[in-house]
Amino acid sequence: MQFNNSASTKNMKTLDVAKPIHRSPLRRALLLIAPALVIISVLTAVPARATPACGLSTVILALEHFPSGSLDLMCNEFDQYGWNLKLKVKGDSDVYIVQNTFPVGAHSGWHTHPGPSLVTVTAGTITAYEADAPNCTPTVYHAGESFTDVGCGDVHLLRNEGPVCAVTIAVQIIPAGQQRRIDADQPANCPTFTCPSPTPTPCPQ
Numbered sequence: 000m001q002f003n004n005s006a007s008t009k010n011m012k013t014l015d016v017a018k019p020i021h022r023s024p025l026r027r028a029l030l031l032i033a034p035a036l037v038i039i040s041v042l043t044a045v046p047a048r049a050t051p052a053c054g055l056s057t058v059i060l061a062l063e064h065f066p067s068g069s070l071d072l073m074c075n076e077f078d079q080y081g082w083n084l085k086l087k088v089k090g091d092s093d094v095y096i097v098q099n100t101f102p103v104g105a106h107s108g109w110h111t112h113p114g115p116s117l118v119t120v121t122a123g124t125i126t127a128y129e130a131d132a133p134n135c136t137p138t139v140y141h142a143g144e145s146f147t148d149v150g151c152g153d154v155h156l157l158r159n160e161g162p163v164c165a166v167t168i169a170v171q172i173i174p175a176g177q178q179r180r181i182d183a184d185q186p187a188n189c190p191t192f193t194c195p196s197p198t199p200t201p202c203p204q
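Going left to right, the sequence shown walks through residues 0 to 204 as numbering that gives the first Met the number 0 numbers them.
Everything labelled a hint here was simulated from the structure, so no lab data went into it.
Glycine included, every Cβ here is placed at the ideal spot set by N, Cα and C.
Possibly wrong hints are sitting among the right ones.
To be verified - Each pair of labels, with its calculated beta carbon distance range:
| hint | residue 1 | residue 2 | range |
| --- | --- | --- | --- |
| 1 | 82 | 203 | 34 to 42 Å |
| 2 | 90 | 191 | 31 to 39 Å |
| 3 | 149 | 60 | 20 to 28 Å |
| 4 | 81 | 162 | 24 to 32 Å |
| 5 | 181 | 67 | 17 to 25 Å |
| 6 | 68 | 151 | 15 to 23 Å |
Said to hold, decoys possible - Simulated pairs of lysine to any residue, SDA-like, Cα-Cα distance not exceeding 25 Å:
| hint | residue 1 | residue 2 |
| --- | --- | --- |
| 7 | 85 | 119 |
| 8 | 89 | 189 |
| 9 | 85 | 117 |
| 10 | 89 | 152 |
| 11 | 89 | 199 |
| 12 | 85 | 153 |
Using the sequences and the accompanying hints, generate a full structural model.
Written out as structure tokens, the structure is:
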């Protein structure tokens, strides 16, 4: 097969010799530093995300919905018991009862909740790290002891640093329909806990 090049030859024009491209000093500088800027953007460190929960087993024992106003409670027994109670919640609430089981070495990962928690250690010991504590100094809670977690952005991590399995029961009050747990960034002032391999042996049921 032969190609007819007569038409293309007839219409072909002589190409001009390429002329040198002149760039301003500013443009030349930008072209030189652009690759460096790309490298810097790739290498720039991003904030470390929270270590995921390690070995933790969570069971939702109960979940109930309370309409706005139903948790507005007041009890004045100061004269008889030296005790007063005032609770006021604006908006609908979800109330969880949660059991968390921590094998030896397990931890919750850094997180917060959108509402407060009342926590009781029912077995073993739990070491609680609070991101806003000076030097992130932890507090140890033993079986039979309780503590409160205000939630609402209060970042913390619970870890079993004892020799036996640990269990906690928590009553949590959160805004209706919201997720119960919110993962948080690794605090700069606190230790980083990695998950051992293999993961902690599950506790006996």
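Each hint tested on the structure:
no., hint, result
1, 82 x 203: 34 to 42 Å, "holds, 39 Å"
2, 90 x 191: 31 to 39 Å, "holds, 36 Å"
3, 149 x 60: 20 to 28 Å, "holds, 22 Å"
4, 81 x 162: 24 to 32 Å, "violated, 39 Å"
5, 181 x 67: 17 to 25 Å, "holds, 22 Å"
6, 68 x 151: 15 to 23 Å, "holds, 20 Å"
7, 85 x 119, "holds, 21 Å"
8, 89 x 189, "violated, 34 Å"
9, 85 x 117, "holds, 16 Å"
10, 89 x 152, "holds, 18 Å"
11, 89 x 199, "violated, 41 Å"
12, 85 x 153, "holds, 22 Å"
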